[in-house]
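Given the structure of chain P, go ahead and fit chain D onto it with the hints provided.
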Amino acid sequence: MDATLSAPSPLIALVGNPNCGKTALFNILTGSRQKVANYAGVTVERKEGSLLTPSGLKIRILDLPGAYSLDPLTPDEQVTADVLLGRRASETPPDLIVCVTDATNLRQNLRLALSLKRLRLPMVVALNMSDIARRKGIIIDAGRLSAELGVPVVATVGVKAAGVQSLIKMLDSIVIPDRGSQPVPWQPLGRADIEHDQAEVRRILGVVGGDRLDGITFSDRLDAVVLHPLLGPVILAVILFLVFQAVFAWAQAPMDEIKLGVAAFGNWLGAALPPSLLKDLVVNGVLAGVGSVLVFLPQIIILFFFILVLEDSGYLPRAAFLLDRIMGSVGLSGRAFIPLLSSFACAIPGIMATRTIQNPRDRLATIMIAPLMTCSARLPVYALIIGAFIPRRLVWGGLELQGVVLFGLYLMGVASAMAVAFVLKRTGRSGRLQALMLELPAYHWPNLRNLAIGLWQRVEIFMSRVGTIILALMVILWALSSFPAPPPGATGPAIQYSIAGHLGAWLAVLFKPIGFNWQIAIALVPGLAAREVAVGALGTVYALSATGNDVSGALTPLIAQSWSLPTALSLLAWYVFAPQCLSTLATVKRETNSWRYPILMAAYLFAMAYGGSWITFRIATALS
Amino acid sequence: MLSDRPSLNVPSANADIPLAELAAGAFARVVSVSTDDAAPADLGRRLAELGFLPGEAVRIVARGLMARAPIAVRIGTGTFALRLFEAACIRVCPEQSLAS
Numbered sequence: 026m027d028a029t030l031s032a033p034s035p036l037i038a039l040v041g042n043p044n045c046g047k048t049a050l051f052n053i054l055t056g057s058r059q060k061v062a063n064y065a066g067v068t069v070e071r072k073e074g075s076l077l078t079p080s081g082l083k084i085r086i087l088d089l090p091g092a093y094s095l096d097p098l099t100p101d102e103q104v105t106a107d108v109l110l111g112r113r114a115s116e117t118p119p120d121l122i123v124c125v126t127d128a129t130n131l132r133q134n135l136r137l138a139l140s141l142k143r144l145r146l147p148m149v150v151a152l153n154m155s156d157i158a159r160r161k162g163i164i165i166d167a168g169r170l171s172a173e174l175g176v177p178v179v180a181t182v183g184v185k186a187a188g189v190q191s192l193i194k195m196l197d198s199i200v201i202p203d204r205g206s207q208p209v210p211w212q213p214l215g216r217a218d219i220e221h222d223q224a225e226v227r228r229i230l231g232v233v234g235g236d237r238l239d240g241i242t243f244s245d246r247l248d249a250v251v252l253h254p255l256l257g258p259v260i261l262a263v264i265l266f267l268v269f270q271a272v273f274a275w276a277q278a279p280m281d282e283i284k285l286g287v288a289a290f291g292n293w294l295g296a297a298l299p300p301s302l303l304k305d306l307v308v309n310g311v312l313a314g315v316g317s318v319l320v321f322l323p324q325i326i327i328l329f330f331f332i333l334v335l336e337d338s339g340y341l342p343r344a345a346f347l348l349d350r351i352m353g354s355v356g357l358s359g360r361a362f363i364p365l366l367s368s369f370a371c372a373i374p375g376i377m378a379t380r381t382i383q384n385p386r387d388r389l390a391t392i393m394i395a396p397l398m399t400c401s402a403r404l405p406v407y408a409l410i411i412g413a414f415i416p417r418r419l420v421w422g423g424l425e426l427q428g429v430v431l432f433g434l435y436l437m438g439v440a441s442a443m444a445v446a447f448v449l450k451r452t453g454r455s456g457r458l459q460a461l462m463l464e465l466p467a468y469h470w471p472n473l474r475n476l477a478i479g480l481w482q483r484v485e486i487f488m489s490r491v492g493t494i495i496l497a498l499m500v501i502l503w504a505l506s507s508f509p510a511p512p513p514g515a516t517g518p519a520i521q522y523s524i525a526g527h528l529g530a531w532l533a534v535l536f537k538p539i540g541f542n543w544q545i546a547i548a549l550v551p552g553l554a555a556r557e558v559a560v561g562a563l564g565t566v567y568a569l570s571a572t573g574n575d576v577s578g579a580l581t582p583l584i585a586q587s588w589s590l591p592t593a594l595s596l597l598a599w600y601v602f603a604p605q606c607l608s609t610l611a612t613v614k615r616e617t618n619s620w621r622y623p624i625l626m627a628a629y630l631f632a633m634a635y636g637g638s639w640i641t642f643r644i645a646t647a648l649s
Numbered sequence: 013m014l015s016d017r018p019s020l021n022v023p024s025a026n027a028d029i030p031l032a033e034l035a036a037g038a039f040a041r042v043v044s045v046s047t048d049d050a051a052p053a054d055l056g057r058r059l060a061e062l063g064f065l066p067g068e069a070v071r072i073v074a075r076g077l078m079a080r081a082p083i084a085v086r087i088g089t090g091t092f093a094l095r096l097f098e099a100a101c102i103r104v105c106p107e108q109s110l111a112s
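Which chain is which? The protein sequence lines are P and D, in order. Be aware that the first sequence starts at 26, since it is given in our numbering, and climbs by one per residue. Be aware that the second sequence starts at 13, since it is given in our numbering, and climbs by one per residue.
Just so you know, the hints here were simulated from the structure itself, not pulled from any lab data. These numbers come from a predicted model, not from an experiment. Be a bit skeptical, because a hint or two may be false.
Claimed, not checked - Stretches of chain D that chain P covers, calculated by requiring three or more beta carbons in the stretch to come under 8 Å of a beta carbon on chain P:
(1) 52-61
(2) 69-77
(3) 90-96
Said to hold, decoys possible - Pair ranges (Cβ atoms, derived):
(4) D:67 with P:255: 32 to 40 Å
(5) D:35 with P:228: 29 to 37 Å
(6) P:428 with D:53: 47 to 55 Å
(7) P:80 with D:53: 45 to 53 Å
(8) P:639 with D:53: 42 to 50 Å
(9) D:33 with P:648: 54 to 62 Å
(10) D:33 with P:338: 29 to 37 Å
(11) D:35 with P:65: 48 to 56 Å
(12) D:43 with P:111: 34 to 42 Å
(13) P:255 with D:35: 15 to 23 Å
(14) P:419 with D:35: 25 to 33 Å
To be verified - Looking from chain D toward chain P, a few residues come up when the C-beta cut is under 8 Å (computed):
(15) 65
(16) 66
(17) 81
(18) 82
(19) 84
Virtual Cβ for every residue (Gly too), placed ideally from N, Cα, C.
So here's chain P without its partners, still in its complex pose (with noise of 0.2 Å):
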């Protein structure tokens, strides 16, 4: 006892093939006590979480990413490969593997089995889902399937606390060897390897009882309507609109709220401190500007809350089962319909999700058209120039012209999206097809459990960026707005003197035959930080007192009178693609690990909007 007591807690590792329901029970095994981070170098997520036994022992529990083989196709299953084989110079190997096995689908996941006895590892078993299982008629003979496979077996059910007793109750009483034990040298299998596998799992799942192949599941039924050539589509589109109808209608009360919250605090903060610098850093540069990212916040909960159930619940893939005809001829993947569905919220959570395409081909050209995802931060500054140029009308039959305009917006990213994905796939190097291999899991509801534990790390993530990158870029260019301060006498806004002044001047040379004015230029510089600063900036050029999101309502008439249809349609079309935001390259730039693609990304962004830009104010100034 005193062994276990002095000595650091052993560190088990969870291994098993996508969908077996490893996540799932990792969650209960470690409850809240989970620290998600990366693992060194890559943008895999490292999840780890700790488990205190009823003998009082605590174990550190590592959940490695989901993996067909030991033989890695993808930087998940590069990372799980790695860290069991020892090849990881930060992580130490496990003490102890359990192998988490979906009991529905054995002749595929004791496969994994067979290959991790190979590393000669201690090693448990999990017979995961077995009440599914049980459920199906599939009697599984635990004991046997032990003395088959010579470690020891438990049966678990990963969504329920007392499903996972028998596995807590064999950690505790299995002796967890101390650290010193090294894998046996892989060798990668061969074909030959496989078929021997395979020929063997045949033979234990005679023995123990084991799976049924001739019946048609109710998953089989589900999908029989759901992957169905007519109907599938027509659902798909169904679920999608109710989506971005709750994430825009859902989210705007928390969103007012955040923002009136905001407000208030700012002026709370404005009236108790002595006016001075670090007031104006505080309230214009700090509070206003991570304010205006915070906003967003409940518009990221409802669409991750949305694509968390329908993963958890196995449409995701269904989904990108439907949508890989149309994605493919553009040359990207099914699997790329998640990232980028993410990415209308915002395009760094959805350049982190392409990392589930296996192929790096595929993955960077769905990084590279991510942006082009009309993002949320860009509706304040539709909203601000579509309130301020487009009349409240009704055209075709009852249809407001404010909204169509507005579709019509998110409709061009998505199309310029497929074209440039096209340009990527002709002038890929490689004229090789690009492999889908997307397995098609059984429906199941989602746990709430595991859906809150989802939720909340991505709010984590996202908190955590604001609270560092974000806050960063917004002092910097707070200081670049802010000085050098206005001379004595100066009649212009402040902004007009300081160096984000002086770089919007000469911008505005630049952005002079796209029919930007020098106010708009001067606001582009913060709006890199996030696009809907933007609007901010525009008042502050505009001499607005207000800040943040405020604004917008006195801007409106300001803008009207002020500027001429075919600027506004312009600066319209060039948020359509607009290039800058630092974050999204900041985010590229690690993703990638190469300064190549973001350089790339922000050059053939700043093109396309500058050349849409172009053509629409010509265009509109012709016809004007």
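This is chain D only, laid out in the frame that chain P set:
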């Protein structure tokens, strides 16, 4: 209903066909998986790792609208979506039933 009876082996008379030509809902067994040079590297190995191995039971669950692709394939007890060129690597032999 797990049948222990040996399968009837009726189908050995049937010729093997590409997986993509299998009728939706019909049962079959994998005969072989082979890739040509145009296929991405590792395609054959990954198909094997997903369970597309000789002797395994397959069934087409669904097909896409355009050019009837991609296809959703039940392999053993799992289901995977494949593009046509992936399915083209797999030859199957239709069977009456899949009692293993």
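Verification of the hints:
{"no.": "1", "hint": "52-61", "verdict": "holds (count 9)"}
{"no.": "2", "hint": "69-77", "verdict": "holds (count 6)"}
{"no.": "3", "hint": "90-96", "verdict": "holds (count 6)"}
{"no.": "4", "hint": "D:67 with P:255: 32 to 40 Å", "verdict": "35 Å, holds"}
{"no.": "5", "hint": "D:35 with P:228: 29 to 37 Å", "verdict": "31 Å, holds"}
{"no.": "6", "hint": "P:428 with D:53: 47 to 55 Å", "verdict": "48 Å, holds"}
{"no.": "7", "hint": "P:80 with D:53: 45 to 53 Å", "verdict": "49 Å, holds"}
{"no.": "8", "hint": "P:639 with D:53: 42 to 50 Å", "verdict": "43 Å, holds"}
{"no.": "9", "hint": "D:33 with P:648: 54 to 62 Å", "verdict": "55 Å, holds"}
{"no.": "10", "hint": "D:33 with P:338: 29 to 37 Å", "verdict": "32 Å, holds"}
{"no.": "11", "hint": "D:35 with P:65: 48 to 56 Å", "verdict": "50 Å, holds"}
{"no.": "12", "hint": "D:43 with P:111: 34 to 42 Å", "verdict": "40 Å, holds"}
{"no.": "13", "hint": "P:255 with D:35: 15 to 23 Å", "verdict": "19 Å, holds"}
{"no.": "14", "hint": "P:419 with D:35: 25 to 33 Å", "verdict": "51 Å, violated"}
{"no.": "15", "hint": "65", "verdict": "5 Å, holds"}
{"no.": "16", "hint": "66", "verdict": "7 Å, holds"}
{"no.": "17", "hint": "81", "verdict": "6 Å, holds"}
{"no.": "18", "hint": "82", "verdict": "5 Å, holds"}
{"no.": "19", "hint": "84", "verdict": "6 Å, holds"}
When the structure is compared with the earlier hints, a violation turns up for hint 14 alone.
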